[in-house]
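Please model the entire structure based on the sequences and the hints provided.
Protein chains in written order, with the numbering used here: chain A, 1 to 257; chain B, 1001 to 1226.
Hints in this document: simulated from the structure, not taken from any laboratory.
Computed from a prediction, not measured in an experiment: that's the story for all the values here.
Yeah, the Cβ is synthetic: ideal placement off N, Cα and C, and Gly gets one too.
Heads up, a few of these hints could be off.
[Claimed, not checked] From the derived model, a few chain B residues whose C-beta atoms are all more than 10 Å from chain A:
#1 Y1059
#2 I1075
#3 Y1124
#4 W1130
#5 R1136
#6 L1163
[Unchecked claim] With a cut-off of at most 30 Å between alpha-carbon atoms, the simulated DSS-like pairs for lysine-lysine come out as follows:
#7 A/K223 <-> A/K246
#8 A/K135 <-> A/K113
#9 A/K162 <-> A/K207
#10 A/K162 <-> A/K129
#11 A/K207 <-> A/K246
#12 B/K1117 <-> A/K135
#13 A/K207 <-> A/K223
#14 A/K223 <-> A/K239
#15 A/K18 <-> A/K223
#16 A/K129 <-> B/K1117
#17 A/K18 <-> B/K1117
#18 A/K113 <-> B/K1117
#19 A/K162 <-> B/K1117
#20 A/K72 <-> A/K18
#21 A/K72 <-> A/K113
#22 A/K162 <-> A/K223
#23 A/K129 <-> A/K113
#24 B/K1117 <-> A/K72
Below are the chains, spelled out letter by letter.
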Amino acid sequence: MISLTNIEKRFGDNLVLKGVTVAIAEGSVTALVGPSGGGKSTLLRCINLLEIPTSGTVRIGDESLEFRPSVKVPAADIRRLRLQTGMVFQNFQLFPHRTAIENVVEGLVTVLKWSPERARERALALLQKVGMAHKADAWPATLSGGQQQRVAIARALAPSPKVLLCDEPTSALDPELAQEVVDVLGQLASEGTTMVMATHDLRLASKIAREVVFLDAGVVVEKGPAAVLFGNPERERTKRFIATLKQEAEREGGGEG
Amino acid sequence: MLHWLQLMLESLPSLLWAALIFTVPLTLLSFVLGLTVGLGAALGRLFGPRPLVALVRFYVWIFRGTPLLVQLFLIFYGLPSVGILLDAFTAALIGFTLNIGAYTSEIIRAAIGSVPKGQWEAAYSIGMTWSQAMRRTILPQAGRVAVPPLSNTFISLVKDTSLAAAITVPEMFQAAQRIVATTYEPLILYVEAAILYLAMSSVLSALQTRLEERLNRYGGFLEARS
Chain A
1 MISLTNIEKR FGDNLVLKGV TVAIAEGSVT ALVGPSGGGK STLLRCINLL EIPTSGTVRI
61 GDESLEFRPS VKVPAADIRR LRLQTGMVFQ NFQLFPHRTA IENVVEGLVT VLKWSPERAR
121 ERALALLQKV GMAHKADAWP ATLSGGQQQR VAIARALAPS PKVLLCDEPT SALDPELAQE
181 VVDVLGQLAS EGTTMVMATH DLRLASKIAR EVVFLDAGVV VEKGPAAVLF GNPERERTKR
241 FIATLKQEAE REGGGEG
Chain B
1001 MLHWLQLMLE SLPSLLWAAL IFTVPLTLLS FVLGLTVGLG AALGRLFGPR PLVALVRFYV
1061 WIFRGTPLLV QLFLIFYGLP SVGILLDAFT AALIGFTLNI GAYTSEIIRA AIGSVPKGQW
1121 EAAYSIGMTW SQAMRRTILP QAGRVAVPPL SNTFISLVKD TSLAAAITVP EMFQAAQRIV
1181 ATTYEPLILY VEAAILYLAM SSVLSALQTR LEERLNRYGG FLEARS
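See the structure below:
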């Protein structure tokens, strides 16, 4: 169970999140959708504290942290919460100086202090799961974007996080390569991995997400089951946004938007 | 011609000996120490509190903005006036170290800054602390960027050690000067010294190429290749 309560995030004078409250059930997949600058990426990054909320409470499982304006939270507390999460980035951000398997092993050995043998075994199993075991010893620069993203998913899953956070995981990819990433994420979802993803890829959101949160201008406009939000949204603002997403998807031949 | 060869061969052992016990140790020691100072200064400048940032900027300003020869003279001939008496080799070592530290701090600062912010975030996202991220993710990538300019500095340093002759360090160039004083053959001896410096620089260039090949084995910083 993850809960974000009254999250506010301010960059200078710019209030990007205006008191957002969202609860995410264990084993569920939640898509954060909304226009660019609406706050979905910032909200996602507030979950693993790559952005520190100006105020509000972040709870993941038994770990919880409360934030207040101009009160500095100790780095150790931030790390403790962050260790409950794994993250997949839009631009993959694999470590370019480490091979695919070394990327996956890194967190286990450096952070969790596993033995190299045990870490390697787990890393191989994860690469197998994302269909990248055959490229275990490849350098990231020699992999396609889709392959890099699948390795990045394995890296994020390595420490068995309580939640997998995906920030626009398919946006940097061509439609075919995006598909292989969607497939992997879909498989993880069906196995009960808790996921939160910021995305404007309608195919990704509609195929995998069970819950959808629509964010615009830093507030939650509407949230609910994916079928309802995509099929029959309540708010006018949501309807307009879903309509543009669908148009974009059609124009790009079912590709990403 | 025969005279040239003869004199060069006769003087070669003295020059090589001076290189072996002064030029090479002075170069290696001051580069390693200078690099350490440079790394510390770069980290201070990038991540330190405001007074430390100001201190580093002041240090770099002074040591990049004044001639190395003047720095060496100040340390060796100037400091005794305030009661700090150093032997010539130590004075040279301190001078070169501080000079190299100033130049390399700027190189290292730029190299660390060249690593994309996303790499920090990726490192943090798997739970690394700041120092783990620095050691395991940022510095290895910054190192690759820094090798060519650091090699430049290193090669300059080999040649600049000849300045230590001016503060009485009996390194290779001073050995050549001493032989000139007895043989009156400046052209031959200084050509010989130049050839030996060229040889040392060439060895370093070759090592640089090897090191760059090794660091480039992972192919590039391409992040998104979709």
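Holds or violated: A/K162 to A/K207, with C-alpha atoms at most 30 Å apart: Distance of about 22 Å is within 30 Å: holds.
Agreement of A/K113 and B/K1117 with the hint, judged by alpha carbon distance not exceeding 30 Å: holds (25 Å)
Least C-beta distance between B/L1163 and chain A, which was stated to exceed 10 Å: holds (37 Å)
Given pair status - B/K1117, A/K162, alpha carbons within 30 Å: holds (25 Å)
Pair hint outcome, B/K1117 versus A/K135 [Cα-Cα no greater than 30 Å]: Holds, because 26 Å separates the two Cα atoms, which is no more than 30 Å.
Given pair status - B/K1117, A/K129, alpha carbons within 30 Å: Holds - the C-alpha atoms of B/K1117 and A/K129 are around 29 Å apart, at most 30 Å.
Distance rule for B/Y1124, whose beta carbon must clear each one in chain A by more than 10 Å: Label violated. Min Cβ-Cβ 6 Å, cutoff 10 Å.
Straight-line alpha-carbon gap A/K223 to A/K239, limit 30 Å: Distance of about 13 Å is within 30 Å: holds.
Least C-beta distance from B/I1075 to chain A larger than 10 Å: holds (39 Å)
A/K223 paired with A/K246 [C-alpha distance capped at 30 Å]: holds (18 Å)
Pair hint outcome, A/K207 versus A/K246 [Cα-Cα no greater than 30 Å]: Given pair A/K207, A/K246 holds - Cα atoms ~14 Å apart, limit 30 Å.
Agreement of A/K72 and A/K18 with the hint, judged by alpha carbon distance not exceeding 30 Å: holds (20 Å)
In the structure shown, a violation is registered for the earlier hints numbered 3, 4 and 5, in ascending order.
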